[in-house]
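Go ahead and model the full structure; you've got the sequences and the hints to work with.
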Amino acid sequence: MNVVTPFEGIGASLRRKEDFRFLQGRGQYVDDINRPGQTHAVMLRSPHAHATIDRIDTAAARAMPGVKAIFVGEDMAAEAIGGIPCGWQIHNKDGSPMAEPMHPALALGKVRHVGDPVAVVIAETKAQARDAAEAILVAYTPLPAVSGTEAALKPGAPQVHEAAAGNLCYDWHIGDKAAQEAAFARAARVVKFETTNNRLVPNAMEPRAAIGDFDAFSGDYTLYTTSQNPHVIRLLMGAFVLHIPESKLRVVAPDVGGGFGSKIYHYAEEAIVTWAAGKVKRPIKWTCERSESFMSDAHGRDHVSTAELALDAEGKILGLKVHTLANMGAYLSTFAPCVPTYLYATLLSGVYATPVIYAEVKAVFTNTVPVDAYRGAGRPEATYLLERLMDVAAAEAGLDKVEFRRRNFIRPDQFPYQTPVALQYDSGDYHATLAMALEAADWAGFEGRRAAAKAQGRLRGIGISTYVEACGIAPSAVVGSLGARAGLYEVGTIRVHPTGSVTVLTGAHSHGQGHETTFAQLVADKLGVPTANVDIVHGDTAKVPFGMGTYGSRSLAVGGSAMDKAMDKIIAKGKRIAAHLMEASVEDVEFERGTFRVAGTDRTKSLTDISLAAYVPHNYPIDEIEPGLEETAFYDPKNFTYPGGCHICEVEIDPDTGRTTVVNFTAVDDVGRVINPMIVEGQVQGGIAQGIGQALLEAAVYDASGQLLSGSFMDYTMPRAGDLPDVGVATHTTLCTHNPLGVKGCGEVGAIGSPPAVMNAVVDALRDYGVRHVEMPATPQKIWGIVNAHRIAAE
Amino acid sequence: MPQVTLTVNGTKHTVEVEARTLLVEALRETLRLTGTHVGCDTSQCGACVVHMGGDSVKSCTILAVQCEGSDITTIEGLAAADGTLHPMQEAFREYHALQCGFCTPGMVMSAIDLVNKHPDGMTEQQIREGLEGNLCRCTGYHNIVKAIAAAQDVMHGRVSELARAAAE
Amino acid sequence: MYDFAYHKPASVADAVKILAADPEARPISGGMTLLPALKLRLNRPSAVVDLSGIAELRGVTRKGDTLVIGALTKHYEVATSAEVKAAIPALAAMAHTIGDTQVRNRGTMGGSVANNDPSADYPAALLALGATIETDKRQLPADEFFNGMFTTALEVGELVTAIHIPIPEKAGYAKMRNPASRYAMAGVFVAKTAAGVRVAVNGAGANGVFREKAMEAALAANWSADAVAGIKVDPSLLNGDIHGSAEYRAHLVTVMAKRAVVDAG
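Residue numbers (this note's numbering), protein chains in the order written: chain A, 1 to 795; chain B, 1 to 168; chain C, 1 to 265.
Please note that the accuracy of each hint is not assured.
[Said to hold, decoys possible] Pulled a few chain B residues facing chain C out of the computed Cβ check, cut under 7 Å:
#1 P2
#2 Q3
#3 V57
#4 E129
#5 E132
#6 R158
[As the list claims (entries may be wrong)] What the simulated footprint calls covered on chain A by chain B, stretch by stretch (three residues with Cβ under 8 Å from a Cβ of chain B suffice, anywhere in the stretch; the number is not a length):
#7 212-220
#8 715-729
Note that these hints are calculated values from the structure, not bench results. As the structure is a computational prediction, the values presented were derived from the model and not from experiment. Every residue, glycine too, gets a C-beta built ideally from N, C-alpha and C.
Spelled out as structure tokens, the structure:
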């Protein structure tokens, strides 16, 4: 019996369906899976940032207990195994394609970063595999290495790839240079600002893992992997690396313990265990150790930028010029090239009606772990640059930082708004989110709190960030024209079973987002089926027809819209069946929340009546309509979605230790229509925690020789509960105008909006010290250095 | 190989392990209790926390042989036989204190020990400090702190915040 | 981890016998330092000798003006011991800040002392309090016991069995944690004892825990935070890493010394 309580549909803070298994230890993550006859793999990784491999001697290792096989790069090359592919091609200013050097799954002749896999050992137990990996003798000749983003382009820098002269991957630009120069020529003031966006390690709590399995009788391969997008992995690995047809390759991404971007990409280990399973004819499990994650999961951010803002005498923005260097690491990860270009430079207008923008971006290779999208991907970098620049400019122009922003906002009546950097924002109300946030944060009362802190010897500062981001990626035709090698639609199937329960198949993947609940709410809202009777199936290429996965806050905007479209088809077919059963004309049948009704009458049929008739077609228009009630829809978005809002942060600094504490954080975000407020708030809180982490705590630090100095939780500062404040989260809604749900996306806003709010607060706290800028992360040591330098100068 | 006898979630097991086998390996690989997770190799993340004689411990930093004769409780052993969740589990669900679920088992086990060791209740700051040994990358801890604050009242038999929240 | 043999003796005598017979064997109590090192394959003992079955090494007792703490007493037990809280509240408070809850539930005072990790907390307390470390063979004053980073006066196979701590007039501790590892980056333990004022610094020294004599003299003359405010340790004697340069640590030692004095009251 399908009865929906009113609290299950859109807008209900429904408690999550998935929590029962997670809370009782019954989730099934990749490392929890054990296949019959399973063996274990350990990767032998390079200790050098850059070296030639002169010889690999595996004889002693092969003779060790339990060892089944050892493979090196040449073994894969001998079978014409392809390199790990890149999914996005950027073109240089002159129209030529970017440098795209080969990325072998196992190193061939050379290693290019600490952690580059050199050999795989497969043994009966993991301990045996590790024991044997230590017995492999690799003769390396170390080469000079380059790790710094700026250092990579210096003349004479060590060359990471022969195929990338001067370590340049691409030299790209966007915008109108001549118009920008003209705008700057008539400016009353040009404010210049340089900054580094610190390199981060995503550190999803579940380390990556992969199990390769091969059925020698059917020739079928199965890969269980910690992925945000199993279909993409099947496509990339099957077609480009292992040359296995999709029909013979199943990729399963079961419960996945967080992704944040780092589990989008096709990683070498996935290809290695799948291929090797075919060789040893046994399942092979590989589970990453955390210290291994640090040197093999794609890192994030790592930009060095210079920005210049031209203002007129009234403080109106005339133009923006940006020059950015982006570190790609040693190889191109799946989405890496598009992050500092189409996910970054296109966001440089921010929430402001900036008339002209010109940005150039150079991407460089270094002897470091590949860099790719990490929560926000390009948009946090753009937002940080712009929102710090706004504060610097306001200070130099002697303007109030809130008024300066407000004065330059895109007004609600300007939507749809075409920016000078390709995007067209569909909706938003930046004045409203600003006003709400100022009120919630008691902006007006700050100076009193600052004085109170000062009386106790602490430095209090307040910072604001007003931002917009582009997510819900993306129109396939648009991204195709920009170099994407895949479509970016999503697929949804709605299967109404004979007695009315529903199975939803989606190409989106849940790794913390709560899709099993949110998606069920969509069905409850539209079809009137209680969420308890709706099951969401995702993460298995054998079950779900196709999909592009979850990243870029796209699951609801794109995946949810596909489901909505499929539900429209269900309703349309249902109406035809209902019309037959009620002997009415199709045009007269209405549908609302589970009930088909002949308009203006009390004649009704429930969805269950219809589904039963569809599968038991005794009284059914069989010549006109096929039996069954299952529909699939592909939804290709017409545009990106544009969540935005305002974040306000208050910090207190202990000048004696340099320690910064976030004492207040207020976020007001416009994420479009909210399906489940509880889940949205959780997403925003989590994103803000990562943003505060970037601003105050986290940094992947390489030394000049390419050794990772922050290679474990002993040295890489992960935010802990005590490092974070209670976060105030609210939403203000303007609807997305181009998708059927009106949703925008909430996964990344926290990580995008928060870092500049925190850093603006830090700089504000240090205002008496004459500080113009502080680089992230604002560690105690760094802040103490500033305070101390000021003290010395004053003496 | 050494033999070790330990009681896990009320059931006595005798298993053969290498001396170097960690408790978490014995739980996950020998007893197939995969609810206890491993998120790091430097004893910091706390995804592997279980109770040993009622105290929270990191099962990645104890040898199985060190657990001879001990009483171990894992996340699988918390709920009642009829499926009723432990108040801490219930609070985590009610307050949306989990997202990907990976840190959750360790977080819940730590939280229970924390509440047990503070019979007079904890402030928000004490809860935050008490979670020092557990990392979560999804939630920003915000709702975890709220869940523990609510669960401590239930566990200590005080005003039932949970009941109130559920009634709302 | 490399494999090893495992022994669990029931007495100190048996433990010492096993350790004497095999110089490559390592004792383990809580294992909070040894096991992480073994997991990273940083060392390779032939055998691990589990001391946790030796009942005689547990517990806290007060003998006149001295607290005697068994080597196997866990940090949590020290933090919550009514005896410790009454006699040396700063020691109980310090124990409450060691590692995290799970470390405190397993780690032992004897293990921490015998390991002498430069960023561990107890060595600073024992040095400042003028404690005596009792082993299966002898009694060693803390000044003679701690011999630099990860180095003590213990001979191979010698076991710490108890710590004797004279109860001070007052004592206090403050530390700045490394933001990532949470170990002390600079910690200062101050104590006003019958034998005079003693100040010990952990976390910062290039060669492990050390006494800060200039601060001791200043505090002996004037027990106040102001007395140490102008005293800066020589950065060349301190260590540095990505989280804290030697100069920063030198500054922190002064700040933590002031706070420790305030903490002592």
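Each hint, compared with the structure:
1. Checking B/P2 against chain C by beta carbon gives a least distance of about 6 Å; that is within 7 Å, so the hint holds.
2. Contact between B/Q3 and chain C, as hinted, is not supported at the beta carbon level, the nearest pair being about 11 Å apart and thus beyond 7 Å.
3. A least Cβ separation of about 5 Å between B/V57 and chain C falls short of the 7 Å threshold, and the interface hint therefore holds.
4. For B/E129, the shortest C-beta to C-beta distance to chain C is roughly 9 Å, which exceeds 7 Å, and the interface hint is violated.
5. Checking B/E132 against chain C: minimum C-beta separation of about 4 Å stays under 7 Å; hint holds.
6. For B/R158, the interface hint is violated, since its Cβ never comes within 7 Å of a Cβ in chain C; the closest pair sits about 22 Å apart.
7. Requiring three or more residues with a Cβ within less than 8 Å of a Cβ of chain B, the coverage given for the stretch 212-220 of chain A is violated, as only 0 such residues are present.
8. Under the rule that three or more residues need a Cβ within less than 8 Å of chain B, the assignment of the stretch 715-729 of chain A holds, with 8 such residues.
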